[in-house]
Amino acid sequence: MDPRIAATPLFRWSRSRRKIHLRRRKSQVVRLGGKNNAVSRGGFSLKKMVRKMKLRWLKLHYVRLVKKIKGFYCNLIKEFVDAGAELEAIQQRMAVEAAAFAVPGLGLSFSSFSVHDRARYFLV
1 MDPRIAATPL FRWSRSRRKI HLRRRKSQVV RLGGKNNAVS RGGFSLKKMV
51 RKMKLRWLKL HYVRLVKKIK GFYCNLIKEF VDAGAELEAI QQRMAVEAAA
101 FAVPGLGLSF SSFSVHDRAR YFLV
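One point on numbering: in this note's numbering, the residue at position 67 of the sequence shown is 67, and numbering is uninterrupted.
Keep in mind the hints are simulated off the structure, nothing from the lab. Treat the hints with caution; some may be incorrect.
[Claimed, not checked] Below, in silico cross-link-like pairs of lysine to any residue (SDA-like), each with a Cα-Cα straight-line distance of 25 Å or less:
#, residue 1, residue 2
1, K78, Q91
2, K47, H61
3, K59, M49
4, K59, L46
5, K59, E79
6, K78, I90
7, K78, R56
8, K47, W57
9, K48, C74
10, K78, E88
11, K59, F80
12, K67, E79
13, K59, I69
14, K47, V66
15, K70, R56
16, K47, R31
17, K67, K78
18, K48, L58
19, K48, I69
20, K70, L55
21, K68, F80
22, K78, K54
23, K52, R64
24, K54, F44
25, K54, C74
26, K52, V63
27, K67, F80
28, K48, L60
29, K70, R51
30, K52, L32
31, K67, L55
32, K54, K67
33, K68, Q92
34, K47, L58
35, K78, Q92
36, K70, A83
[What the hints assert, rightly or not] Here are the simulated distance ranges between beta carbons:
#, residue 1, residue 2, range
37, F80, L46, 49 to 55 Å
38, K54, L22, 35 to 41 Å
39, I69, R24, 46 to 52 Å
40, V50, A89, 54 to 60 Å
Glycine residues also receive a C-beta, built at the ideal position from the N, C-alpha and C atoms.
Construct the complete structure from the given sequences, taking the supplied hints into account.
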């Protein structure tokens, strides 16, 4: 280097140290034991087997729970539909009975019992 230029930290480092590495380089590893060893590393492990069995059991458990919830939901929707049909039948019966005893100058009003204005519930 030229002695007239002040030595800065950038120039003191060699070229290879100036590079910024985003990834660390892996150290090289040699596996002994032939070609088949690369396929099955670790061999038999009771811990791994128990873990796999536990995961399978959990999966089956949650699948059963989802099926039960689905069944409950379907039954609930059917009950709501049946209840709505029964309510409409009751209102029609009330209208027929009221029409039989109606006063000829007054109209019938069932605005408080309207089927179309009742609240609807949507389950998600």
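Each hint tested on the structure:
Among the hinted pairs, K78 with Q91 is consistent with the structure: their alpha-carbon atoms are about 20 Å apart, no more than 25 Å. This hinted pair checks out: K47 and H61 have alpha carbons roughly 21 Å apart, not beyond 25 Å. For a cut-off of 25 Å, the pair hint linking K59 to M49 stands: about 15 Å separates their Cα positions. The suggested pairing of K59 with L46 holds, with an alpha-carbon distance near 20 Å, which does not exceed 25 Å.
Taking the CA atoms of K59 and E79, the gap is near 30 Å; set against the 25 Å cutoff, the hint is violated. Under the criterion of a C-alpha separation no larger than 25 Å, the hint pairing K78 with I90 is consistent with the structure, at around 18 Å. Pair hint K78 plus R56 does not hold up; C-alpha atoms about 33 Å apart against a cutoff of 25 Å. With a C-alpha separation of about 15 Å, the suggested pair K47 and W57 falls inside the 25 Å cut-off, and the hint holds.
Between K48 and C74, the direct Cα distance comes to roughly 39 Å. Violation of the 25 Å bound is thereby established for this hinted pair. As the CA atoms of K78 and E88 are separated by approximately 16 Å, the hinted pair is consistent with the 25 Å bound. Restraint check for K59 and F80: not satisfied, since their Cα atoms lie roughly 32 Å apart, outside the 25 Å limit. Restraint check for K67 and E79: satisfied, since their Cα atoms lie roughly 18 Å apart, inside the 25 Å limit.
Note on K59 and I69: the hinted pairing holds, with a Cα-Cα distance of about 15 Å set against a maximum of 25 Å. Straight-line distance between C-alpha atoms of K47 and V66 comes to about 29 Å, which puts the hinted pair past the 25 Å bound. For the hint linking K70 to R56, the alpha-carbon distance of about 21 Å falls within 25 Å, and the restraint holds. For the given pair, K47 sits about 24 Å from R31 by alpha-carbon distance, which is consistent with the 25 Å threshold.
A distance of roughly 17 Å separates the Cα atoms of K67 and K78; the hinted pair therefore holds under the 25 Å criterion. As the CA atoms of K48 and L58 are separated by approximately 15 Å, the hinted pair is consistent with the 25 Å bound. The suggested pairing of K48 with I69 is violated, with an alpha-carbon distance near 32 Å, which exceeds 25 Å. Restraint check for K70 and L55: satisfied, since their Cα atoms lie roughly 23 Å apart, inside the 25 Å limit.
At roughly 19 Å between alpha-carbon atoms, K68 and F80 fall within 25 Å of each other, so this suggested pair holds. Our distance criterion of 25 Å between C-alpha atoms is broken by K78 and K54, whose separation comes to about 36 Å. Restraint check for K52 and R64: the C-alpha separation of about 19 Å stays at or below 25 Å, so the hint holds. Note on K54 and F44: the hinted pairing holds, with a Cα-Cα distance of about 17 Å set against a maximum of 25 Å.
In summary, the hint linking K54 to C74 is not supported, as the alpha carbons are separated by about 30 Å, beyond the 25 Å threshold. Annotation: proposed proximity of K52 to V63 holds, straight-line Cα distance about 17 Å (limit 25 Å). The hinted pair formed by K67 and F80 meets the criterion: a straight-line CA distance of about 20 Å does not exceed 25 Å. Distance restraint check for K48 and L60: the Cα-Cα separation of roughly 19 Å lies within the 25 Å cut-off, and the hinted pair is therefore satisfied.
This hinted pair does not check out: K70 and R51 have alpha carbons roughly 29 Å apart, beyond 25 Å. This hinted pair does not check out: K52 and L32 have alpha carbons roughly 28 Å apart, beyond 25 Å. For a cut-off of 25 Å, the pair hint linking K67 to L55 stands: about 18 Å separates their Cα positions. Between the alpha carbons of K54 and K67 the distance comes to roughly 20 Å, so the proposed pair stays at or under 25 Å and holds.
Proposed proximity of K68 and Q92 is contradicted: the alpha carbons are some 36 Å apart, above 25 Å. The suggested pairing of K47 with L58 holds, with an alpha-carbon distance near 17 Å, which does not exceed 25 Å. At most 25 Å may separate the alpha-carbon atoms for a hinted pair to count; K78 and Q92 meet this at roughly 21 Å. Of the pairs offered as hints, the one joining K70 and A83 holds, with about 20 Å between alpha carbons and a cut-off of 25 Å not exceeded.
Under the hint 49 to 55 Å, the C-beta atoms of F80 and L46, about 51 Å apart, fit the expected range. Checked against the given bound of 35 to 41 Å, the beta carbons of K54 and L22, roughly 38 Å apart, stay inside it. At about 48 Å, the beta-carbon gap between I69 and R24 stays in the expected band of 46 to 52 Å. At roughly 59 Å, the beta-carbon separation of V50 and A89 lies within the given 54 to 60 Å, and the hint holds.
Hint violations for this structure: numbers 5, 7, 9, 11, 14, 19, 22, 25, 29, 30 and 33, all remaining hints satisfied.
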